[in-house]
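Protein chains: 2
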Amino acid sequence: MMNRCVHENCLVQPYMAWVLANAVPVFIGSVLVTYVAPVAAGSGIPVIKCYLNGVKVPEVVRIKTLIVKAIGVILSVVGGLAVGKEGPMIHCGAVIAAGISQGKSTSLKKDFRIFHEFRQDHEKRDFVSAGAAAGVAAAFGAPVGGVLFSLEEGASFWNQALTWRIFFCSTVSAFVLSFCLSIYHGEPGVLSSTGLLNFGTFGNSVQWEIMEIPLYVLMGAIGGALGALYNYLNYRLSVFRARFIHQNSMKVLESVLVAVMSATVAFIMIELSNDCSAQEDEKHTDNSLQFHCKDGRYSAIGQLWFQTPEKSVQSLFHMSQGTWSPYTLMPFFLVYFILNCWTYGLSVSSGVFIPTLLMGGVFGRLFGMGVRSIVNYWDYDWDVNCGKFALIGAAAMLGGVVRMTLSLSVILIEATRNITFCLPIVITLIVAKWVGDYLFEGLYDFHFQLARVPFLNWEAPNEGHHIYASEIMAFPVTTLPPVIKVGDLMDILSKTTHNGFPVTDGCPDPVSDLKSGLSVNRPKHFGTFRGLILRDQLIVLLQNKIFNESVDIVWSRVGSRDFRQPYPRYASVNQVHVSLMERNFHIDLRPFMNFSAYSISHNSSLFRIHKLFRALGLRHLTVVNDQNEVVGMITRKDLAVFRTHNRFGKTTLETLHVSHG
Amino acid sequence: MMNRCVHENCLVQPYMAWVLANAVPVFIGSVLVTYVAPVAAGSGIPVIKCYLNGVKVPEVVRIKTLIVKAIGVILSVVGGLAVGKEGPMIHCGAVIAAGISQGKSTSLKKDFRIFHEFRQDHEKRDFVSAGAAAGVAAAFGAPVGGVLFSLEEGASFWNQALTWRIFFCSTVSAFVLSFCLSIYHGEPGVLSSTGLLNFGTFGNSVQWEIMEIPLYVLMGAIGGALGALYNYLNYRLSVFRARFIHQNSMKVLESVLVAVMSATVAFIMIELSNDCSAQEDEKHTDNSLQFHCKDGRYSAIGQLWFQTPEKSVQSLFHMSQGTWSPYTLMPFFLVYFILNCWTYGLSVSSGVFIPTLLMGGVFGRLFGMGVRSIVNYWDYDWDVNCGKFALIGAAAMLGGVVRMTLSLSVILIEATRNITFCLPIVITLIVAKWVGDYLFEGLYDFHFQLARVPFLNWEAPNEGHHIYASEIMAFPVTTLPPVIKVGDLMDILSKTTHNGFPVTDGCPDPVSDLKSGLSVNRPKHFGTFRGLILRDQLIVLLQNKIFNESVDIVWSRVGSRDFRQPYPRYASVNQVHVSLMERNFHIDLRPFMNFSAYSISHNSSLFRIHKLFRALGLRHLTVVNDQNEVVGMITRKDLAVFRTHNRFGKTTLETLHVSHG
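Each protein sequence line maps, in turn, to chains H and X. Counting from 1, one number per residue, gives the positions in the first sequence under UniProt numbering. Counting from 1, one number per residue, gives the positions in the second sequence under UniProt numbering.
Chain H with its partners taken away, still in its complex shape (with noise of 0.2 angstroms):
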């Protein structure tokens, strides 16, 4: 259409074309994933990663989740947003490996009655991982940086056995991939092809030499400093969104002007530019436009506005040189970036990683090319390619946005089928990673700052050594004695809202307020510790009337499948019913409670607590006294609190208010 009107003059309706194209999808996806699943917005790296972490974010993997998801990130990819489709994926995979653990859903109201063993919390999460593992690899046809990525963003305590176990999901996940696209390419059998993501593989005539690593180490820095920047506007942009774009209908207008603004600042760029490039090389470019060009060749930024962003990404590294302009290409970061930016957090299902790659595949080409003409400049003998610099490139920009160098570095590998740019991708990432962690934080982490979720960071505040548990803990704690009356613990569930409550040895009187009259110094005790017994469990032995008139123990007539049947919703207090007459029983909570439940002396540094809660994932740590006396609890909240910003070179311990989660 484009190709016809340029002659005919009529511009304006592939113009409109364009807007439509662009801005219909992007609606419904957006409407969708603001009014039926807010939590499949954005990327869904973010909410795996607290989830993961330990962090209870709601509906993150639900079944109506996983359908907004995957319907919304067509959508927005359909609309041509400057979106990638891989977080999206990692998203859906975990989804699905949650459903299948459980083996029921109970949107669906489908209990399978298999997988009880699996309705547990960690269980959970150990499925879960195994599913984002499964996602990246079938996402960018790399099994070990799945694997690799599940453990750099989720795991505290290395397990052999769940290694193993993601390792073996992932390498399946990939090979089925491998095989449905080896019938889609008409071909069953044949299964070379790889992941839905394929950078192109180099050639082994594209080497490096060793007195390029300074180059590399510059092209580092440059993309850690441009990540920082590039994270550091999104920060402005949803501290601005916070505050003012709260209405539903605001966030849909706003996901559809961007769309809108894609197709024209696209067209307008497209229609301005002159940069013609001979037809080549069908294997790493489609959809080509003709536009204003002459016949057997086509508008060079045409292509990269009219291709997948994937695709684009392979152009970049595999066409040949001087097939863009560097005056193409300087505005077409510059406003790719803007948009990528402002995407970035809208209101719709959408994933980082492509767009990040193609900015920096642009920034590495463009940074190639500035290598090309100097060496041409002083005439050394050295043929300078482009493409490889335009993957240093992309590897620099996205280990400047989110700071990930491990498992980056081997997705890139395995998607670009090379080891022998192991080094300069490692070398770049973790100059980049440097660079920008120095001058703002991560991508990922401010946006769980944002968002006031409790997240725990791999190493504590280097001010840990002297911050003590006493300072931490939160006070007065609300403990319960062994054998408690039935209507007393029915009023304390509903008043507190803890998950976690000490069992304890003569405090005389549970439910009293103790705030008053104390002193941080030296703080009261709630009796001797125990155990500790955790409200889902309270809720069960309620729900089944495991208390007596007397205050004889009465032996467990639930076993754990009782505990199991109803996760992960388990009833709120007030759905409870107890008659007037059982609130006089008692209930024992001694059978029932942890009795070897960790505990942790006043004096410990806040270093101390905070490998305890990352390495044996904790949720709740009973703060005791010398003399084993509760004097205080210790929750993820409290310690996620303790936080260091990094905010171009100033890093500062700041204490952070935290939703509950």
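These aren't lab readings, by the way, just hints derived from the structure by calculation. Please note that a few of the clues may not be correct.
Cβ-Cβ distance ranges computed for the label pairs, FRET-style [stated by the list, open to error]: (1) H:Glu-59 with X:Asp-536: 51 to 61 angstroms; (2) X:Ala-17 with H:Val-375: 49 to 59 angstroms; (3) X:Asn-248 with H:Glu-123: 45 to 55 angstroms; (4) H:His-465 with X:Asp-536: 16 to 26 angstroms; (5) X:Phe-179 with H:Glu-123: 21 to 31 angstroms; (6) H:His-466 with X:His-185: 51 to 61 angstroms; (7) H:Asn-603 with X:Asn-248: 45 to 55 angstroms; (8) X:Lys-56 with H:Asn-594: 57 to 67 angstroms; (9) H:His-466 with X:Phe-240: 55 to 65 angstroms; (10) H:Glu-123 with X:Ile-100: 51 to 61 angstroms; (11) X:His-122 with H:Ile-268: 40 to 50 angstroms; (12) X:Tyr-35 with H:Glu-123: 50 to 60 angstroms.
Note that the Cβ used here is the ideal one computed from N, Cα and C, for glycine as well.
On the provided structure of chain H, position chain X as indicated by the hints.
Frame of chain H; chain X shown alone:
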């Protein structure tokens, strides 16, 4: 010489030459290992595994060991034993890393006064894991495999920052090797050649199909069974050796005997075989031997014996069909199996990877031939590639012997530079591991057990939920009061061998022996737990004379530097000289003790304690009762006692006697 003598009927000459050429290097290597550094015997992987697990094996990371290991492995390989050089290379990498991290060498009496902050156990261990990864990267050209090897064998707590440092280290190692190789091959700067070990690449023509998967499963099962048989034979042999071969001279004699046997058996096999192959393909073979064959042909079996094992593996993977007849390969497999099994455990420096791959390659090739003849018999249209089966067979065999899955798959994929066979290799390795684990323990596992090393497995035994701290812990506990008389401390230190001492309040007599009259169920307590202090710290305090005439606190005249300076060879208590007057002085432990040391309740389960030890890398854990009073101590040795055995399908929980370490 052999080619000449076969015509001149002087075959005794080359035989004698061969025997001498084998026996002399092996004799020298064995003498070196046996008399100078016994810890350098074997592959080195088990000791590195122990070291990373947290077991203190003496002399593992000394320079002396490095030199003996490096020379020893060269001599073993030159001596024609059925050994590889990969395990020793990993050990060497680890020693070098440990040396660099310390910035001093006690053996060479040189202290560069740098890297003081690394003179701690866990810092040094991080370096050792990086060194081991670098070793793998260099040996197999597999940087990612190296990282995974370090993690699979060594890591317990996943540390993101450490992991990418390891990855960087192994990438640099692979790169430097590749650079040196490029110079050696006369093409400096061409970095495509990778790894000392090169299995050659499979072309794109070699593919696999879904219907082959059952075959791979079968091969995995056979490999697992053969691996278990290998391990069982080696276990019997090791028990025999431990009982009868004590003297160093006997050990050397046995090594020489094996060397002579290797030459003899090989010679007889070459002499008896009349399987001749056409000369072909210089790339995948060398040292071809004409012997009885006609001109232009060579002895198929002679080639296997005369090449390095690495080259033979490559030949097995890539030589065309019909290179060997099954009647050549079958006796070779049998003989090599026995030789390999006999060799592992000799007092020489030797790796088990390559010979096992060779065995497996032969097995796979035989399997492929079998499949081929069945296919031919039934006239299927299916071209069976025996090289592919050799690769799978090698994986199956190695998996069956050493039972590593994740790292091994990645190493094999990286070493063959082909991701196509990822899924078959993973399936085969997993099946081999299952079958092998069902039948007999892994090679390294029972060697730990024979060496009575307190090695902690990944998982606690299944019975661990019903074994409690009070059954595991050691008591009575030697506790120290916060302020102690120097003389008393000296007496305690010289009378005990404990490495950690709880500091307690309110225990009247720290030296008294409470053993008599204690019941196991209600152990008496040894004072209220205040903190933990290490023997090494106490020695440093005594050496620096941090004590005073009165009971006042002497504020630290010692810094952390003083505690790290003598690392890792702290003086024993006998080397500390304290005058008679000083014995009456007091020493205050409170500023130095770890007052937030972990402690655990006496009713915690073995399962939970095991998890704590693995996740936090503990060495000592104080057991307290409900009143926070010390009732016992658990060390890694107490935990390692509980170990399950797999012997031909029967799993038994055995309480093992382990040595100090």
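Verification of the hints:
no.	hint	result
1	H:Glu-59 with X:Asp-536: 51 to 61 angstroms	holds, 53 angstroms
2	X:Ala-17 with H:Val-375: 49 to 59 angstroms	holds, 58 angstroms
3	X:Asn-248 with H:Glu-123: 45 to 55 angstroms	holds, 53 angstroms
4	H:His-465 with X:Asp-536: 16 to 26 angstroms	holds, 21 angstroms
5	X:Phe-179 with H:Glu-123: 21 to 31 angstroms	violated, 47 angstroms
6	H:His-466 with X:His-185: 51 to 61 angstroms	holds, 56 angstroms
7	H:Asn-603 with X:Asn-248: 45 to 55 angstroms	holds, 53 angstroms
8	X:Lys-56 with H:Asn-594: 57 to 67 angstroms	violated, 34 angstroms
9	H:His-466 with X:Phe-240: 55 to 65 angstroms	holds, 58 angstroms
10	H:Glu-123 with X:Ile-100: 51 to 61 angstroms	violated, 42 angstroms
11	X:His-122 with H:Ile-268: 40 to 50 angstroms	violated, 59 angstroms
12	X:Tyr-35 with H:Glu-123: 50 to 60 angstroms	holds, 53 angstroms
Taken one by one, the earlier hints fail for this structure at numbers 5, 8, 10 and 11, listed in ascending order.
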